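Undergrad: Residue strings, one per chain:
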Amino acid sequence: MTVLAYTAAGRWGGRLTSRPLPLEDAGLTELSAEERAVLSRIWLHRAAMERRVADSFEVIRGALERRRAPDELVALAVRAVDDEHRHTELSRLVASRFAGRELPLPERLVLEVPKHASASPELRDSLFVVGQCVFNETTASAFLETCVGTARGALARAALRELLSDEIDHGRIGWAYLASLDAGTRAEVSRWLLPMAYLNLRLWKQESPADPAYREVYAEHGSPSQATIHEALVEALRALIVPGLRELGLRTRPIEAWLDAGAFTDRAPTEFA
Amino acid sequence: MASKLFHTLVGFGISLGVAVACGGTSQTQGIGDDGAAGDGTQPPDAGTDAPPDAFCDASWPTTKGQPEPPLECVDPLGECAHLGYPPRCGTLTAPWTCDSIEMAAFCVEGAWSCEPNGRVPASDCRCWGPIPEGYVCTANGLVPASG
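Sequence order for the protein chains is A and B. Under my numbering, think of the first position of the first sequence as 1, with each following residue one higher. Under my numbering, think of the first position of the second sequence as 274, with each following residue one higher.
Since the hints were made in silico from the structure, they are not lab data. Treat each hint with caution, since some may be false.
Unchecked claim - Computed footprint of chain A on chain B; a stretch qualifies when at least three of its residues, placed anywhere within it, have a C-beta under 8 Å from a C-beta of chain A:
(1) 288–294
(2) 326–336
(3) 361–372
What the hints assert, rightly or not - Here are some chain B residues pointing at chain A (derived, C-beta under 8 Å):
(4) F279
(5) T281
(6) L282
(7) V283
(8) F285
(9) D322
(10) A323
(11) G383
(12) S396
Unchecked claim - Some chain B residues well away from chain A (every beta-carbon gap over 10 Å; in silico):
(13) I404
(14) E406
(15) T411
(16) N413
(17) A418
These figures come from a predicted structure and were not determined experimentally. Note that CB positions come from ideal geometry on N, CA and C, so glycine has one too.
Sequences and hints are given; from them, build the entire structure.
TA: Below, the structure is given as structure tokens:
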């Protein structure tokens, strides 16, 4: 019933994961039916999100090809599309295990690509790669690392580790691409960093809203609390993204000033631009 | 933990970029073993501030997260629990154009529905919010009116 969109050309030669998911997870039997239903919905929603990111990487592949990026980076982007299809199926499988029955793939989510309206077509391509890989995928890696850190369930830990190892590669595409750019292009990109950091953090926070019915046991199965996630999101900016951008000579002072002001996302931080 | 991830992801990525760039022309400095970033100097400003429209743009959709909204609001009886989280809906204001407020579908008789009030699945929306002057929204998104 499930259409497997990943291929033998992918990372694991057509297999879903580097190693099989554990067949047993004693922690699942200790969950109530309600808790299993909540965790199932969370993982099934993640399946839909992963499917949409496969579409994102199709856009990134096109951007890299138009900019004549090194072949190695284009190849990584091609593989990332396959990775995200595997992540879709992996997340659906985990959701099904929590549900105790086979679940169908959720409805496909719409991809809205950033417009970067006032950028040239050439710069827009570079901003695509920076936005998706440097900001989004690096943040995703920090998010997953946090999830792994709190997860105790065998199934969730195994799935999260598989996801994390791939997301790291996806983030590397952005950092490698930035490192391959000339100083002039990097200076152009610098102007957009604060808006992209703000929009990326705002969306990640929106995707992890407060849940009054949250239970700590969810963290043991891959779903940390809102407070834990939000702390990790800001830490990703402080400890990963800003130092990397600074290393590459991009202007990070506006982002740092916004971070020092609390990294608010209830309004645009235009005063730091 | 962040320092390890910095080296694994950011540091490795930068090194990869330097290695594959033509002639190794990248201007990055090496990343120290302690994870410290470069020499801390900042390049000169690009000359202008961030473009105003940049703060109103879309962001790349996240790959992970905890979903919204609380399901008791849109599926109080749990009839759509087997379908996962509800799709997003928009209100059509013009052909292919929806207002900028997205809402979740409601569960109606075991299926997600964007009705009532003329809402449509967000997958039917190609543009959001007011259409800029000189553009029209089509099945392929925003295009110049002259095109």
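Undergrad: It remains to establish, for every hint, whether it holds in the given structure.
TA: Hints, one by one, checked against the model:
1. 288–294: holds (count 6)
2. 326–336: holds (count 11)
3. 361–372: violated (count 1)
4. F279: Result: holds, 5 Å to nearest chain A Cβ.
5. T281: 6 Å, holds
6. L282: 5 Å, holds
7. V283: 4 Å, holds
8. F285: 6 Å, holds
9. D322: With a closest approach of 5 Å, the B:D322 hint holds.
10. A323: 4 Å, holds
11. G383: The hint is violated - B:G383 has no Cβ within 8 Å of chain A, the shortest such distance being about 13 Å.
12. S396: 5 Å, holds
13. I404: The claim stands: B:I404 keeps its Cβ more than 10 Å from every Cβ of chain A (closest is about 13 Å).
14. E406: 13 Å, holds
15. T411: 15 Å, holds
16. N413: At about 12 Å from chain A, B:N413 clears the 10 Å cut-off, so the statement holds.
17. A418: About 16 Å separates B:A418 from the closest Cβ of chain A, which puts it past 10 Å; holds.
Comparing the model with each earlier hint shows violations of hints 3 and 11; every other hint is respected.
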